[in-house]
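Engineer: Protein sequences appear in the order of chains A and B. For the first sequence, position 350 matches number 363 in my numbering, and the numbering has no gaps at all. For the second sequence, position 129 matches number 165 in my numbering, and the numbering has no gaps at all.
Worth flagging that the hints you see were computed from the coordinates, not collected in a lab. Treat each hint with caution, since some may be false.
[Said to hold, decoys possible] Straight-line alpha carbon distances no greater than 30 Å define the calculated BS3-like cross-link-like pairs of lysine-lysine that follow:
{"no.": "1", "chain 1": "B", "residue 1": "LYS379", "chain 2": "B", "residue 2": "LYS348"}
{"no.": "2", "chain 1": "A", "residue 1": "LYS205", "chain 2": "B", "residue 2": "LYS112"}
{"no.": "3", "chain 1": "B", "residue 1": "LYS90", "chain 2": "A", "residue 2": "LYS203"}
{"no.": "4", "chain 1": "A", "residue 1": "LYS109", "chain 2": "B", "residue 2": "LYS90"}
{"no.": "5", "chain 1": "A", "residue 1": "LYS50", "chain 2": "B", "residue 2": "LYS90"}
{"no.": "6", "chain 1": "A", "residue 1": "LYS95", "chain 2": "B", "residue 2": "LYS348"}
Listed below are the residues making up each chain.
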Amino acid sequence: MNKINHEQLLSLEHPFVKIPVEKFRSSLRVSQKHIEKEIATLTSTVSEISKKSIQGNMDPKQVEVALEAIVTRLSTLKRKLKDTRAEESLYSQRTKVRLQHLQEFTTIPTLDSDDFARWSRVRLNRILIDYMLRDGFRETATLLAKSEHIEDLVDIELFVQSAKVEQALMRQSCAECLQWCKENNSSLKKIKSTLEFSLREQEFIELARERRSQEAIAYAKKHLTPWKDTHLKEISHVMGLLAFPPETKCHPYKRLYDKSRWNDLITQFRSNNFALQFFTPEPLLNVTLQAGLSALKTPMCYQADHRNINCPVCDPNTLGALATDLPLSHHFNSSIVCRISGQIMNEDNLPMALPNGYVYSYNALAEMASLNNGKITCPRTGAIYDITQIKKVFIS
Amino acid sequence: MESFIKDYDKIIKKQRTLETNDPLDRLIAVVNEAKEKIRADPSSVTSTLAVLGKSIKTVSNGISEEQKEIQSSLSKYSKAIDKKFTADMMAAINPHAFDNKENILRSTIAMHFIRQGNFEIGDTFAKETGLTVPDSMRHQFMEMFDIVAALKEDNLEPALQWATRHRSGLEKRSSTLEFKLHRQRYLQLLMGRQVQEAIAYARKNFAYFGNRHTQEIFRLMCSIIYMDHIKTSPYADLIAPNTNADIQHMFTRDFCSLIGLSCDSPLYVSVTVGTQAMPTMIKMASIMKAKKTEWSQQQELPVEINLTDDTKFHSVFACPVSKEQATEENPPMMMGCGHVICKESLQKLCRGSSNLRFKCPYCPQESMASQAKNVYF
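Isolated chain B, as found in the complex (with noise of 0.2 Å):
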């Protein structure tokens, strides 16, 4: 990549050259010559015109070449870009999978931007499309934005009070958000020196979190003797820099996990995927369309496409003995040792018989077909 933008940058001294060294100014210096040379003498007349003739024809020579260099350079260069960014991206798409879904592709659009919290671009583009956002959705982003920015001002009192009012949902999904952040309260307290205020948030607050977080609790009263060199105690990781950060993750995610929705936006997820899948599908589609298959009309793709672990949403099992997928007919099942196969496989295993005792692939442990369990994922 960066040869190429070298040989680019040449190009550019090129034009840049020609850009100072003016055609137009050239030729109108040589004219402009000219004429004060036969205002000065006008008896040179002819002879200055001559010699005005000849500089013009060498001036344009000169532009010409200069000109047709770059010109030559630029079309080289395209013709480079050609080579080099190779992908055919147009032999993946099925041109037909989205018609007549416009609307629905807009306003997954429409309600990305509100997601991200840009709410102006949002509502202008809602205004452009002619669709309408739901008030409720807009509302509630609008909301969780400013507690964000109140958190990343180190302002915990409207995550806290939102925590309070939603501890019962959080509470369901197992979610320790409220106590995070009313740890992190007490630890501003503390780092800000005020330690009898530390204390007292610690009395009226921690209480309900009694059970469930003694450990921490008891580490967070403990950190009070080492308030003066935290960073060397034991306890330093209780002020590592990235709590706010997590802490703003952390709600986030609980926010909108409470009013169903997914932490990332579903949009920038699929985009994501969708550009790493990209260069597989490509050469997928052009090994189709060379055996004149369409790769749209499959049920399935026929290449694996990997995916990074935070785009991993569903348990997929595939048997180690077939290479199949699991699916409702043929479950996976476990074997007495822990080992998971599929139940096809399981059946040829023991000739279905399922009184016979066979011997696990991965494994020396024998067992029988009827102590094998279904498992779920």
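Just chain A, with the same shape it has in the complex (with noise of 0.2 Å):
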């Protein structure tokens, strides 16, 4: 019952290595086009030089200074690289150390040994950080991060980039997601992503209410005909804000005017976001919270007189509540909990019951004995009896 199934576990993990590795790829694969390019202008240079000197309209020192040109290029091109090195190294690195991570788990052989609840505390720790990026929690993630000692098992990096876009569609400018769209362009067209065109038809839109129709038209002509193949009805819904003003009561119109689609704008890069860099489209933190809840859920969680208050969903006021719409758990096998102790009640300790119906372990009530004369009291009735009233349970 106590073993640990790693295999199952660490199936859990995906995106944990999977998105440093894709980062160190792309990372590399930006210096890699680079180089490339490089070297194609580099053979045409040279060619043309030695074409040149060949035809006697470049001297040797006009090709000495030409080839002094080719290497200030390529050094310049170096430096350059010098912040994608960085990145690669870094990722490279993180992958490294993530994988490590994972190796100690395995080397754990219980769920009750000490080295399980530290990797189980710092596994908290990594949804937690998660949780709070996705939301916009920056500081407290990295503050987290740091005094955890866990900075490469998290990635708040890769947030820094996305909360300038995000910040951007709040201010209701589509520029920098514009951009970003294009810098993402094959991997956003793989995932058939469609934020582009909701980008072009927003600043469309944007242009109507000022009813800057000129502008508004010029600016459909250029880019929102390119979509007309997959989104014509978009199109020629959107067209019509040219005839009704801001104010329109008119519904369908109305909706297209209205400013909660810069909201809509919002989730629908954070979920194209996260599907570009393999990161779950949901909180970690609420997959395994259901899970969780889900399982300590008992009928008596909610009726006052059997709360446990060790038991998380006992709680009303925190996850009880979050537990409400959840299943409860199920189970074929019995397992009962001593009131008096929290210890469970087996062939070790085994259950007893007072002449009044009610059952507690042998070891709490040998310790309530020794402790008053022989007497022991039923906490929930009250009720008096001698140790030597009580009698063996058997539950299977």
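Take the two lone chains, each set in its own frame, and fit them into one complex as the hints suggest.
Structural biologist: Here is the structure:
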């Protein structure tokens, strides 16, 4: 029961490993593309110099100067690529650290060992940081990562970039997001994203809102018509805005003018961003909590006289409130918990029934009797009995 | 997992060699070489340039080979990751279960930080989310962490003062904390060879606990005789190394129970249980999806999730005969022999009549339905 199924628990860690590997790959690709381009330019420049020199249009001194210029170009590129190289290093190192962290986990034998408790706490902090980053609480996330020394196990940097885009969208500016779409064009196409179209649509709507009709039409001609194959219906709807002022009460157009569309844009950007970088669409905290709360939830959790202060679901203000819509747990096997000591009753700690039918664990009753001259008091009814009056109970 | 890491190391090695033998440096070297040659011997311009053209081609072919190799190994590795870490976590989520409850979740997180003693993080979080943490809770936990810090340094004074102040609350919960603290202090004095002080301390403080801890007090006083070689005496267990950790744990538990809170942060408990439950939930969710039912619409999970003993907080009785969970309408009943089955199973056995003698399914003893009593777990 206490053995850990490492394979199963490790299989949950897909984003943990995939994210830095993919970042490593993409920064590597960036620097490699630059180098390839440079080599092409270099080859053609050198062959030109060669031709000119043979034709007598360039003397050796000029050739020397030209070659010097090439060297300068290459050195400049090298400097420019320094940042990309640093990024590559960061992610390649980070992947290694994470792989080792998972490797450590495979050496933990049981669920009740200290090592497992420590690993669990690290995991909790990881998913808390993930949750906080998604909702924009970067300061707390950074502080927590630093104080627990788990900066390599989380992805704070990836949210800095996206925060800039989101803030711009909140200020009702599409430019940054459009730039982002351009940079990630191929990957966005792979996931069939319509974000760019939605952004263009919104910019058109804003022009229509300000009644800048000429600019709006020009904008539509330039940026909306490329999408006519897939989005003709939306384009024709939005063109209709030219005929309706922003204060219109006509429903479909009122909806188009609604400022809440900006929030939808932010949501769309977020989900595209997560998909691109291999984050899960919902925070890991939510998934894990739902599983845990359901597994712990019993009908007794919502009954006042069966409350156990140690049970997370029993607390009505916090987790109990979160668990209201979740299914109850299901059990084929009995497990009885002593109301006095909180210990499980089993063959080492037999369940004993008092004459009034209330059952407690033998150890708890024996301890109570030893401190009270052999008398025991039922905590729930107040009835007093002698320790000799208890009877063994068999539950399976 | 190990072989997985080894494969990654191979890729890193390749990338490192590419870094140290930087492609741009190689190209720069080749161009510089040609430049120097032309400077030294201007007449060789044509041939040098031809040679340069060829060497650039060779170098760049080498570079693009290496780059392609790394890219392809990385992409293979990425696919291997997909194969190895396969759980589809989103199958098991109910995306609407926490709708409109963000504030509850966030205040739970804030309280978690306070309970763990991360006050600075809790405050930053409260500031960023705009929530307020109840001041009283914060004060109480700060007090608790101060006392625990003192305990860690073997300073029992603050804990003792707290325990004496809350004596009645502790006694109501049958906690032996106060006595254990005094006991620890006494042993500290004894091990520090301050025998007179130890005896004086015992005289002053043990009297109150005379009735309830008589045996223990006897042992403590007798251990003075073995003071010099206690490790080899029958009283060696008094100075076992984990007594300090036990006292800290007991103090934390009692402190939390006195303010009506659980011993461990509830967030931590739920998340740990959740992590262990997730593989089962994912499997269940995918099976249910195939059958076109939504797991989150069920009243009850269709599978059992095994909990570890320390996460079992409520008694669950499943009738050994019918395998159904006991409810208010179907409570557990104990027969004369001590075996417990649920009411419905009992009624089936005695065929409705309360005077029929029937044999218990688990032992040869016979009894009547009217002799069966309700048990309360």
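Engineer: Decide, hint by hint, whether the structure agrees.
Structural biologist: Right, here's what the structure says about each hint:
no.	hint	in the structure
1	LYS379(B) <-> LYS348(B)	holds, 24 Å
2	LYS205(A) <-> LYS112(B)	holds, 24 Å
3	LYS90(B) <-> LYS203(A)	violated, 39 Å
4	LYS109(A) <-> LYS90(B)	violated, 39 Å
5	LYS50(A) <-> LYS90(B)	holds, 18 Å
6	LYS95(A) <-> LYS348(B)	violated, 55 Å
Of the numbered hints given earlier, the model fails hints 3, 4 and 6; all others are met.
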